[in-house]
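Peer 1: Given next are the chains, with one letter for each unit.
Protein chains: 2
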Amino acid sequence: MADTDREKLEAALKTQGELVRRLKAENSSKEKVDAEVNKLLSLKEKLGLEDGKQKFVLKTPKGTRDYGPRQMAIRERVFGIIIDTFKRHGAETIDTPVFELKETLTGKYGEDSKLIYDLENQGGELLSLRYDLTVPFARYLAMNKISNCKRYHIAKVYRRDNPAMTRGRYREFYQCDFDIAGVYDAMIPDAECLKIVHEILTGLQLGDFLIKLPWEAVREELVGEKGLTLEMANSIAEYVCLHGGRDVIARLQADERLVGNSREMQDEQKSARAGLADLDLLFKYLDIMDISTQVQFDLSLARGLDYYTGAIFEATLLAPENAVHQDDGSAPGGVGSVAGGGRYDGLVGMFDARGRRVPCVGVSIGIERIFSILEQRSESHSVRTTETQVLVASAQKGLFDERLRLLKELWAAGIKGETSYRLSPKLLSQLQQAEQSGIPLVALLGTEELAAGTVRLRTVATRQEVEISRDKIVEEISKRS
Amino acid sequence: MADTDREKLEAALKTQGELVRRLKAENSSKEKVDAEVNKLLSLKEKLGLEDGKQKFVLKTPKGTRDYGPRQMAIRERVFGIIIDTFKRHGAETIDTPVFELKETLTGKYGEDSKLIYDLENQGGELLSLRYDLTVPFARYLAMNKISNCKRYHIAKVYRRDNPAMTRGRYREFYQCDFDIAGVYDAMIPDAECLKIVHEILTGLQLGDFLIKLPWEAVREELVGEKGLTLEMANSIAEYVCLHGGRDVIARLQADERLVGNSREMQDEQKSARAGLADLDLLFKYLDIMDISTQVQFDLSLARGLDYYTGAIFEATLLAPENAVHQDDGSAPGGVGSVAGGGRYDGLVGMFDARGRRVPCVGVSIGIERIFSILEQRSESHSVRTTETQVLVASAQKGLFDERLRLLKELWAAGIKGETSYRLSPKLLSQLQQAEQSGIPLVALLGTEELAAGTVRLRTVATRQEVEISRDKIVEEISKRS
Numbered sequence: 001m002a003d004t005d006r007e008k009l010e011a012a013l014k015t016q017g018e019l020v021r022r023l024k025a026e027n028s029s030k031e032k033v034d035a036e037v038n039k040l041l042s043l044k045e046k047l048g049l050e051d052g053k054q055k056f057v058l059k060t061p062k063g064t065r066d067y068g069p070r071q072m073a074i075r076e077r078v079f080g081i082i083i084d085t086f087k088r089h090g091a092e093t094i095d096t097p098v099f100e101l102k103e104t105l106t107g108k109y110g111e112d113s114k115l116i117y118d119l120e121n122q123g124g125e126l127l128s129l130r131y132d133l134t135v136p137f138a139r140y141l142a143m144n145k146i147s148n149c150k151r152y153h154i155a156k157v158y159r160r161d162n163p164a165m166t167r168g169r170y171r172e173f174y175q176c177d178f179d180i181a182g183v184y185d186a187m188i189p190d191a192e193c194l195k196i197v198h199e200i201l202t203g204l205q206l207g208d209f210l211i212k213l214p215w216e217a218v219r220e221e222l223v224g225e226k227g228l229t230l231e232m233a234n235s236i237a238e239y240v241c242l243h244g245g246r247d248v249i250a251r252l253q254a255d256e257r258l259v260g261n262s263r264e265m266q267d268e269q270k271s272a273r274a275g276l277a278d279l280d281l282l283f284k285y286l287d288i289m290d291i292s293t294q295v296q297f298d299l300s301l302a303r304g305l306d307y308y309t310g311a312i313f314e315a316t317l318l319a320p321e322n323a324v325h326q327d328d329g330s331a332p333g334g335v336g337s338v339a340g341g342g343r344y345d346g347l348v349g350m351f352d353a354r355g356r357r358v359p360c361v362g363v364s365i366g367i368e369r370i371f372s373i374l375e376q377r378s379e380s381h382s383v384r385t386t387e388t389q390v391l392v393a394s395a396q397k398g399l400f401d402e403r404l405r406l407l408k409e410l411w412a413a414g415i416k417g418e419t420s421y422r423l424s425p426k427l428l429s430q431l432q433q434a435e436q437s438g439i440p441l442v443a444l445l446g447t448e449e450l451a452a453g454t455v456r457l458r459t460v461a462t463r464q465e466v467e468i469s470r471d472k473i474v475e476e477i478s479k480r481s
Numbered sequence: 001m002a003d004t005d006r007e008k009l010e011a012a013l014k015t016q017g018e019l020v021r022r023l024k025a026e027n028s029s030k031e032k033v034d035a036e037v038n039k040l041l042s043l044k045e046k047l048g049l050e051d052g053k054q055k056f057v058l059k060t061p062k063g064t065r066d067y068g069p070r071q072m073a074i075r076e077r078v079f080g081i082i083i084d085t086f087k088r089h090g091a092e093t094i095d096t097p098v099f100e101l102k103e104t105l106t107g108k109y110g111e112d113s114k115l116i117y118d119l120e121n122q123g124g125e126l127l128s129l130r131y132d133l134t135v136p137f138a139r140y141l142a143m144n145k146i147s148n149c150k151r152y153h154i155a156k157v158y159r160r161d162n163p164a165m166t167r168g169r170y171r172e173f174y175q176c177d178f179d180i181a182g183v184y185d186a187m188i189p190d191a192e193c194l195k196i197v198h199e200i201l202t203g204l205q206l207g208d209f210l211i212k213l214p215w216e217a218v219r220e221e222l223v224g225e226k227g228l229t230l231e232m233a234n235s236i237a238e239y240v241c242l243h244g245g246r247d248v249i250a251r252l253q254a255d256e257r258l259v260g261n262s263r264e265m266q267d268e269q270k271s272a273r274a275g276l277a278d279l280d281l282l283f284k285y286l287d288i289m290d291i292s293t294q295v296q297f298d299l300s301l302a303r304g305l306d307y308y309t310g311a312i313f314e315a316t317l318l319a320p321e322n323a324v325h326q327d328d329g330s331a332p333g334g335v336g337s338v339a340g341g342g343r344y345d346g347l348v349g350m351f352d353a354r355g356r357r358v359p360c361v362g363v364s365i366g367i368e369r370i371f372s373i374l375e376q377r378s379e380s381h382s383v384r385t386t387e388t389q390v391l392v393a394s395a396q397k398g399l400f401d402e403r404l405r406l407l408k409e410l411w412a413a414g415i416k417g418e419t420s421y422r423l424s425p426k427l428l429s430q431l432q433q434a435e436q437s438g439i440p441l442v443a444l445l446g447t448e449e450l451a452a453g454t455v456r457l458r459t460v461a462t463r464q465e466v467e468i469s470r471d472k473i474v475e476e477i478s479k480r481s
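As you go down the protein sequences, you meet chains A and B in turn.
In this text, residue positions in the first sequence follow UniProt numbering: the first is 1, and each later residue adds one.
In this text, residue positions in the second sequence follow UniProt numbering: the first is 1, and each later residue adds one.
Worth flagging that the hints you see were computed from the coordinates, not collected in a lab.
Here the structure is a predicted model, which is why all the values come from computation and not from measurement.
One or more hints might be untrue.
Which copy? The list can't say, so a pair holds if one copy fits it or any two copies do.
Cross-link-like lysine-lysine pairs, in silico, DSS-like; alpha carbons within 27 Å at most [stated by the list, open to error]: (1) Lys408 / Lys62; (2) Lys24 / Lys472; (3) Lys59 / Lys145; (4) Lys32 / Lys59; (5) Lys114 / Lys479; (6) Lys426 / Lys397; (7) Lys24 / Lys62; (8) Lys59 / Lys8; (9) Lys87 / Lys145.
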């Protein structure tokens with residue numbers, strides 16, 4: 001603070017102090033004294049604040065945020081669409097503790113392990129906050145010796161990462177996972193995972209998107225697991241520059257170097273044929289489900305987590321070239337990944353004393369990024385944060401008991417209703433409350449209506465009122481909701 | 001392990017090792033070798049395990065548990081009823097981070113502070129896991145300068161307490177809070193909180209219950225805040241032994257010692273009249289809402305948390321003397337508190353630099369205890385863990401693509417459907433899958449049906465089948481669900 005500003009504040013503080021002392025000496029009314037005392041405190045606080053004297057900081061921890069009612073309303077809508085999709089595909093749901101034994105997480109995340117939150121050793125087990133939902137899921141399967149499971153899990157995970165909150169990157173964030181565990185015929189659960197991503201992104205109306213299979217992972221599978229030479233794999237990377245999907249597979253399958261019948265590379269070519277047959281099968285299923293045109297290979301993608309094996313994918317939103325919602329100034333091309341997943345056949349075995357493997361494939365929806373897109377979009381229009389159907393109001397004093405009696409009847413009938421917590425609120429302020437909260441109906445009670453056994457039902461949007469018999473009010477409100 | 005057992009195991013291990021070496025030398029099939037290797041590993045592990053050599057323990061942290069699909073299905077039903085109630089009363093919802101700055105929690109819980117989980121200092125802010133949802137709510141109100149709010153918050157909280165898991169006492173557990181913040185006319189929000197507890201406990205069909213107002217708290221309010229002498233307050237405690245509700249108020253109001261007009265105790269008696277008028281008002285509202293008979297004073301109750309001021313209450317389930325559900329052998333009388341709450345008018349001010357007060361009243365549903373009661377009750381019957389409406393099945397090989405095609409059409413129509421992840425599963429195993437998972441319908445595809453453009457729809461419970469035109473199948477399934 002500049003010295004002159006400080007001097008001004010101190011002078012104002014002195015004057016205000018004198019004023020308060022004078023008012024007290026004059027025995028002024030309590031209201032008057034209180035008002036001036038508040039001004040005095042405010043000045044004192046300002047001076048203290050600027051000196052850095054405030055006792056504690058009122059904030060959420062770094063990289064975290066509260067969800068207010070508006071954000072929660074958006075979140076509920078998004079979760080609703082996602083959970084519906086998971087349930088449509090027959091998934092159960094589970095939940096695991098927010099922390100795990102530290103050793104459960106050890107050795108699963110490679111370099112990223114340094115981002116794990118540890119709990120203080122307060123005498124007892126060493127604990128860490130979960131870093132994702134996949135490792136707890138694998139621990140759950142191994143611990144309960146479950147070899148078949150299709151489940152979703154929506155919960156928060158924790159990473160001591162560098163937050164970038166405007167782009168939806170937090171230290172505490174939701175993950176939204178769907179996984180299929182079990183030994184099944186090739187590529188069937190994998191195809192369903194891609195279908196689920198497609199249904200969710202379509203359902204959320206986020207605009208055009210692409211599901212990309214990183215070429216890196218495909219090549220590694222061919223080289224690492226099937227014995228294809230690195231040279232061969234590299235030589236075919238040229239096809240992938242086409243950014244194609246099924247057409248790339250077709251070209252690879254037609255390439256004599258890969259799938260021919262040369263004597264020297266018999267085994268490698270057999271492996272390549274098997275690997276390509278798997279990818280071909282995947283694309284056949286995607287074709288049947290009408291989603292193959294939105295699935296492509298991509299040279300540039302790579303996924304970090306240690307536990308992935310086999311096919312890995314990532315869904316990205318496309319820049320809306322002709323999009324309507326571009327008035328927020330954000331760079332829609334830079335939205336990046338909104339879902340990802342893949343196969344992790346080895347992870348459960350890491351928890352099993354006998355190394356018993358349970359093959360798994362899953363998808364994780366990048367829900368925080370989706371929230372931040374939808375929050376930005378919703379900034380220009382109102383979002384209802386309650387589901388209240390009717391506000392019970394009165395124009396006259398002393399009718400609180402009557403309002404409460406009507407409300408009780410509405411609640412008993414399952415109708416969502418509110419009334420002012422004031423004994424004698426003004427009619428205008430009640431109508432304003434309804435309008436501001438987006439409550440569509442107001443049930444008006446007055447001495448006339450009470451005598452006649454009726455209620456005036458007002459439609460907030462049109463301001464139209466009808467008089468309705470008290471015993472028909474539940475039916476009438478239900479009909480209009 | 002007894003020495004003889006150990007010797008037997010070691011001998012078996014030796015023999016098995018020789019078998020594996022021989023099979024490998026003979027170039028036996030991979031399947032055969034793998035099977036024998038697995039047996040070998042299993043023996044090795046058994047020996048290692050018994051020696052206490054197993055590398056790590058596969059468990060959840062002390063005092064925590066996983067929720068499997070069955071528990072989650074119960075949990076979802078319970079949350080559904082509770083959230084419906086909160087929404088019926090016009091509540092919004094918010095969420096806060098699982099951890100807070102350590103100093104945010106300091107000085108709020110008295111003795112219980114030692115039960116707070118701290119995070120390790122990994123360089124940065126000092127953090128603690130939230131201990132309840134009330135303090136984060138107060139922090140949220142103060143931080144955002146909100147003076148009116150009616151919200152619910154359902155989330156996990158953390159206490160390093162002595163767990164008693166069979167009675168639903170965990171170190172990680174859900175809280176389920178509804179609170180009303182704001183300056184309103186006396187006892188109106190308080191009465192609504194009691195009504196909400198009543199609606200939730202009724203809706204969950206937990207049996208008879210009582211909502212108790214601890215006399216201790218009422219007395220403290222009269223003594224501490226209104227100036228009533230301790231002697232006077234104690235002298236009236238006799239009424240409370242009646243375990244009554246409104247009748248106790250009436251008797252107190254008729255007591256000359258309390259509300260009379262003696263010259264020496266004029267102020268005290270004025271205070272007592274005011275305090276009793278508040279309680280009378282509360283019971284009037286409870287009367288209007290038809291719940292006053294289930295609300296009583298209780299001498300034995302006391303609530304621990306530091307931040308409560310004014311009326312405090314607790315809801316307890318009664319022993320089901322003539323109850324139907326008593327075959328589980330549990331002691332139903334000992335269920336104890338399933339909800340609690342009260343007024344905490346000073347808490348928000350503790351976070352405000354100017355000490356600005358926001359009066360609050362709220363209720364917390366003891367959801368873990370409710371879960372454990374309902375889990376015990378559900379042990380004897382099956383609980384569906386998915387919502388799948390139809391299983392698409394086939395009696396013939398090679399029809400996987402056709403199953404997937406039909407499934408795609410069902411999914412597109414919003415129907416919840418599954419099919420086996422096997423290319424050629426046996427019909428019997430498919431029908432068993434439907435029966436075990438409680439899927440009510442099976443859509444059967446065969447070459448005949450495909451040629452005729454039909455589907456056989458089987459009702460699992462009755463085993464009846466009807467042939468339905470393919471273009472009517474969505475309609476038919478929807479009709480039956």
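Peer 1: If a hint holds in the structure, say so; if it doesn't, say that too.
Peer 2: Results of checking the hints against the structure:
Taking identical chains as interchangeable, the C-alpha atoms of Lys408 and Lys62 are never at most 27 Å apart, the minima being 44 Å within one chain and 44 Å between chains. Neither within a single protomer nor between protomers do Lys24 and Lys472 lie at most 27 Å apart by alpha-carbon distance, with minima of 58 Å and 84 Å respectively. Within a single copy, Lys59 and Lys145 get their C-alpha atoms only as close as 43 Å, which misses the 27 Å cut-off; across copies the closest is 12 Å, which meets it. In the homo-oligomer, the alpha carbons of Lys32 and Lys59 never lie at most 27 Å apart, since the shortest distance is 33 Å inside one protomer and 63 Å across protomers.
With identical chains, the CA atoms of Lys114 and Lys479 are never at most 27 Å apart, being 57 Å at best within one copy and 54 Å at best between copies. In this assembly of identical chains, the alpha carbons of Lys426 and Lys397 lie at most 27 Å apart only when taken from the same copy (9 Å versus 74 Å across copies). Taking identical chains as interchangeable, the C-alpha atoms of Lys24 and Lys62 are never at most 27 Å apart, the minima being 45 Å within one chain and 58 Å between chains. When the C-alpha separation of Lys59 and Lys8 is checked against a cutoff of 27 Å, the pair qualifies neither within a copy, at 30 Å, nor between copies, at 64 Å.
When the C-alpha separation of Lys87 and Lys145 is checked against a cutoff of 27 Å, the pair qualifies only within one copy, where the shortest distance is 24 Å, while the shortest distance between copies is 40 Å.
Hints 1, 2, 4, 5, 7 and 8 from the list above are not met by this structure, while the remaining hints are.
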